[in-house]
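So the sequences go chain by chain: A and B.
Numbering-wise (this note's numbering), the first sequence opens with residue 1 and increments by one.
Numbering-wise (this note's numbering), the second sequence opens with residue 233 and increments by one.
The hints are simulated quantities; they were obtained by calculation from the structure and are not laboratory data.
Model, not experiment: these values are computed from the prediction.
Just to be clear, a hint being listed does not mean it is correct.
[Claimed, not checked] According to the in silico footprint, chain A covers these stretches of chain B (three or more CB under 8 Å from chain A):
{"id": "1", "region": "238 to 247"}
{"id": "2", "region": "265 to 274"}
[Claimed, not checked] Simulated pairs of lysine-lysine, BS3-like, Cα-Cα distance not exceeding 30 Å:
{"id": "3", "chain 1": "B", "residue 1": "Lys252", "chain 2": "A", "residue 2": "Lys231"}
{"id": "4", "chain 1": "A", "residue 1": "Lys220", "chain 2": "B", "residue 2": "Lys331"}
{"id": "5", "chain 1": "A", "residue 1": "Lys217", "chain 2": "B", "residue 2": "Lys252"}
{"id": "6", "chain 1": "A", "residue 1": "Lys126", "chain 2": "A", "residue 2": "Lys66"}
{"id": "7", "chain 1": "A", "residue 1": "Lys29", "chain 2": "B", "residue 2": "Lys265"}
{"id": "8", "chain 1": "B", "residue 1": "Lys334", "chain 2": "A", "residue 2": "Lys220"}
{"id": "9", "chain 1": "B", "residue 1": "Lys265", "chain 2": "A", "residue 2": "Lys220"}
{"id": "10", "chain 1": "A", "residue 1": "Lys220", "chain 2": "B", "residue 2": "Lys238"}
{"id": "11", "chain 1": "B", "residue 1": "Lys238", "chain 2": "A", "residue 2": "Lys66"}
{"id": "12", "chain 1": "A", "residue 1": "Lys109", "chain 2": "A", "residue 2": "Lys130"}
{"id": "13", "chain 1": "A", "residue 1": "Lys126", "chain 2": "B", "residue 2": "Lys265"}
{"id": "14", "chain 1": "B", "residue 1": "Lys265", "chain 2": "A", "residue 2": "Lys217"}
Glycine included, every Cβ here is placed at the ideal spot set by N, Cα and C.
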Amino acid sequence: MANAIECFNLTKRFPGCVALNEVSLAIPKGQIIGLLGPNGSGKTTLIKIVNGLLTPTAGEILVEGKHPGVETKKAVSYLPERSYLNDWMSVNEMINFFGDFYSDFNKAKAYDMLQRLNINPKDRLKTMSKGTKEKVQLILVMSREAELYVLDEPIGGVDPAARDYILDTIISNYSENAAMLISTHLITDVEKILDGVVFIDRGSIVLSATVDEIREKENKSVDALFREVFKC
Amino acid sequence: MPWDLKSDRPIYAQLMEQIKLLIVSGVYPVGTKLPSVRDMAAEAAVNPNTMQRALAQLENEGLLYSQRTSGRFVTEDADKVMQIKNDFAVGVIHEFLEKMQKLGYNGRQTIALIKRIIEEESENGQRD
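Okay, chain B solo, but in the shape it has when bound (with noise of 0.2 Å):
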């Protein structure tokens, strides 16, 4: 997955958050050791120093942790991980429902649009 960076906010910021999506998204399951610094650093094209700074502060949060001889591995807690999906998830939705109420639509339009929309999707699904 490339590295996709903003220029308006801090880099290790984002590189948490990406992070975050891979470790979310199955690249770098529950448990597994992550990459050397150097190698993640030069992967995202951003200084290590700022890489280290967002692999340190992830580890404050437990969802890595370190062990002095071997390296960086994901969390084994598969609950936290769960969770940190599920408040990506509920960002993704926020955002969503802010963009249907711009566009003039109630929270029940949504769903109604939302329901049909998926309903369409698995028919056409069935047919092919």
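Okay, chain A solo, but in the shape it has when bound (with noise of 0.2 Å):
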């Protein structure tokens, strides 16, 4: 099986608002795809269903070959884009909360980033900026073996150098059997690290192609090219 998802006329409404307008999607195993559109495009509608955290109303969505459930929250790993973590924890009851949680959760490679990123393994959540917050979030996720990283606005809050750290750690932890699906405002950040990117607009698809096509052809970076497209 080459994709890791897969959508067919995916449709989501909400009342009084159609979130998804029959997206049709595939994205193949081995690629890092951003999922780019403006604020309250749709994109983080698209994730949930991913994540099986909404239905869609009409249309198919495949995760690994399978609808999404149980089978497929296995092979996901998912940053949500707000925190669910409980506040009163400590990173190292977090690590082991999530090393029971997922079978697939590599602890020694969590103690590294953190103390790459210098977070003390024994503060508690709740006395941590929001910036350290978010890394946390993203070591616990980046930390897992996963078939299908599902990344909802993943550096927003982070300081340019964690920054730095964090997109080299999604290229060194680059495996030809696993997907990555980010979304992002940061595209200057992102694009050179992405394989390929969808800009999604009102609900629908409305670009999808590699970075290099994008600048082979428009002969400008995909920032410049959805500053262009998402003109206000």
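Join these two chains into a complex; the hints should help.
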């Protein structure tokens, strides 16, 4: 099975709003794809459907060849847009929690990343700054040996140096058998590590191409193209 | 050497250029083994598939070759490396001449100026 995610005419309606409108999309294994679009374009809705947190109104979605459910959750490592971790827990406790929860969780990897980012595993989440909390969450997500990583706005709150380290971590964790879907507004920072991008606007996919195709055809970066396509 | 990637051109093409530069400048000498794709991608901070594409293209051009089990190497063909080095030099000179032309210097004036500067530099060098 070559695709990590496949959608066919995927539609999600909320009262008075079409969040996704007949989206068809395939994300192959071994690729890092950026999901880009303005605020409210449907990025998070799509991501939540991939993770089984929302059910589609119409159409079909397959994650690792299956409908989202218990089996796909084993294979997907998901960084949600908001924290769901318990504030009173220390990083050590959370690592044990994740280790109990996910059989593919690699504790050594987590401790290694914590050390690199100078985070004390004894610290409790509630004592941490917003950016440090985000780093911890991302470390937990990246420490799984998953088949699909879905990161919803992973680097928004972290400083540029940590951002570089995180992107470096993504590159060095790259595996031909795993895919990654990243939604972000920080296009300049991530475009060098992406295979391709998907532009989504008001629930529809308006462009799907590789980064180098865009640069070749438009003679501009993905960031510049985004600013042009979604000019306010 | 830091990898300097511009935002308006395909990344793989820029990677090819930079790897060529690393080869002609002797960072990766003739016949040596290159680091793994993953390590090179991490160093350049680019997607591993993009790095793979650049390396495959350089292989097609004959500047690199793969050995199935032991990795990727710089060609043993020193003439080929020299030729690419010359191509780079010609490119730099073209660019320079264009700039000189914009400043209003013709070929002869440019050469005279270059001569003078080189002589001055070598005199200064002797004094030091």
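Do the hints match the structure? See the list:
1. 238 to 247: It holds: at least three residues are needed, and the region 238 to 247 of chain B offers 7 whose Cβ sits within less than 8 Å of chain A.
2. 265 to 274: This one holds; 3 residues, not fewer than the three required, reach chain A with a Cβ under 8 Å.
3. B:Lys252 <-> A:Lys231: Roughly 38 Å between the alpha carbons, so the hint for lysine 252 of chain B and lysine 231 of chain A is violated.
4. A:Lys220 <-> B:Lys331: 25 Å, holds
5. A:Lys217 <-> B:Lys252: 24 Å, holds
6. A:Lys126 <-> A:Lys66: Measuring from Cα to Cα gives roughly 37 Å; hence the hint is violated.
7. A:Lys29 <-> B:Lys265: 29 Å, holds
8. B:Lys334 <-> A:Lys220: 26 Å, holds
9. B:Lys265 <-> A:Lys220: Not satisfied, since the Cα-Cα distance of roughly 34 Å exceeds 30 Å.
10. A:Lys220 <-> B:Lys238: 10 Å, holds
11. B:Lys238 <-> A:Lys66: 40 Å, violated
12. A:Lys109 <-> A:Lys130: Holds, at about 22 Å.
13. A:Lys126 <-> B:Lys265: 49 Å, violated
14. B:Lys265 <-> A:Lys217: Measuring from Cα to Cα gives roughly 34 Å; hence the hint is violated.
Going through the hint list in order, the structure does not satisfy hints 3, 6, 9, 11, 13 and 14.
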